[in-house]
Amino acid sequence: MNTMLDILGITVPIYLTIALGYVCTRMGLFAKAEMQVFGRFTLQLALPALLFNALSQRSVAEILNLNYLLAYALGSLVMIGGGLWWARRVLGQSLSYSSMMAMGMSCPNSGFVGYPIILLSFGPVAGVALALNMVVENFLLLPLLLAIADAQGRPGQWKSVLLQTVKNVLRNPMIWGVVAGFMFSLSGLQMPAPLGRTINLFAQSSAVLALFVIGGSLVGLQARGLQGTVLPIALGKLVLHPLAMWAVLVWLVPIADPALRAAALLTGAMPMLGIYTILNQRHGHGTVSAAALLVTTVLSFFTLSALLWLLKLQPV
Numbered sequence: 132m133n134t135m136l137d138i139l140g141i142t143v144p145i146y147l148t149i150a151l152g153y154v155c156t157r158m159g160l161f162a163k164a165e166m167q168v169f170g171r172f173t174l175q176l177a178l179p180a181l182l183f184n185a186l187s188q189r190s191v192a193e194i195l196n197l198n199y200l201l202a203y204a205l206g207s208l209v210m211i212g213g214g215l216w217w218a219r220r221v222l223g224q225s226l227s228y229s230s231m232m233a234m235g236m237s238c239p240n241s242g243f244v245g246y247p248i249i250l251l252s253f254g255p256v257a258g259v260a261l262a263l264n265m266v267v268e269n270f271l272l273l274p275l276l277l278a279i280a281d282a283q284g285r286p287g288q289w290k291s292v293l294l295q296t297v298k299n300v301l302r303n304p305m306i307w308g309v310v311a312g313f314m315f316s317l318s319g320l321q322m323p324a325p326l327g328r329t330i331n332l333f334a335q336s337s338a339v340l341a342l343f344v345i346g347g348s349l350v351g352l353q354a355r356g357l358q359g360t361v362l363p364i365a366l367g368k369l370v371l372h373p374l375a376m377w378a379v380l381v382w383l384v385p386i387a388d389p390a391l392r393a394a395a396l397l398t399g400a401m402p403m404l405g406i407y408t409i410l411n412q413r414h415g416h417g418t419v420s421a422a423a424l425l426v427t428t429v430l431s432f433f434t435l436s437a438l439l440w441l442l443k444l445q446p447v
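Take any residue in the sequence shown, count from 1 to its spot, add 131: that is its number in my numbering.
These are computed hints drawn from the structure, not numbers from a lab.
For each residue, glycine too, the CB sits at the ideal point set by N, CA and C.
Any given hint could turn out to be false.
[Stated by the list, open to error] Computed beta-carbon distance windows for the label pairs:
hint	residue 1	residue 2	range
1	Asp137	Leu195	30 to 36 Å
2	Gln295	Leu136	47 to 53 Å
3	Gln335	Gly415	28 to 34 Å
4	Gln445	Val221	45 to 51 Å
Construct the complete structure from the given sequences, taking the supplied hints into account.
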């Protein structure tokens, strides 16, 4: 009983903050367009500051966890392969639609949902896990999936598609937060106290603002009539992705640090990334991806609570 109360003590505040963002936007206290402003602040300032903080205060040996990178990449690539196979071979969908389904099953919301939950569950290791997740997601998973989607009707242009995707990645402030934090750690320099406190102020704003934005962004999304497509995506993301991560961690790529091991497993269990709908709108899949985002985010309260309970009983 106490274990479940401990788990709810982690997940309830997270999802209450998401619910508050939804209610405030639904009631008109904030416009949905203002959520985009909050989201830009979080993505361009707060999360990069958090990533810089997490890496700059640790040794290079702590940061360069190649087993974590490999385990997370393998587990996610398994889901991409499975999602593409299901959509193409079983459902007979187009390449871009298949990419949308595979993205929903394999690309978690590491920053807006994953970081706060891992922080409350396992402490400061959450920042390192987030930085490592960002590397895999932005340099492997998203470029691959976007290239697959864009290759529909352009079979000979993979190189140009990948080049454009890499350019987009390099414009991501979170990647530069990772790079700057790593370089500062490598330098061995000491951060001047006033500058460190300033960066810390921005970093501390990231968790609550990220969750509030997720809630506000759900306003107006509907899943009516799309259950047949949405539920397989939700099942893949919330159940199969963490199972794939568990299999990789147990049988293929062990991670020595138990907290990082749990963080990798939890990352796989997060709902899909917040910009999922935006990334799929240009191929005409905005409605389905929005419905999947809504359903998966709501269901993740129950699946994440269950997974945290299992991790308390039997650590991975």
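Verification of the hints:
| no. | hint | in the structure |
| --- | --- | --- |
| 1 | Asp137 - Leu195: 30 to 36 Å | holds, 32 Å |
| 2 | Gln295 - Leu136: 47 to 53 Å | holds, 49 Å |
| 3 | Gln335 - Gly415: 28 to 34 Å | violated, 40 Å |
| 4 | Gln445 - Val221: 45 to 51 Å | violated, 33 Å |
Hint check: violations occur at hints 3 and 4; the rest are consistent with the structure.
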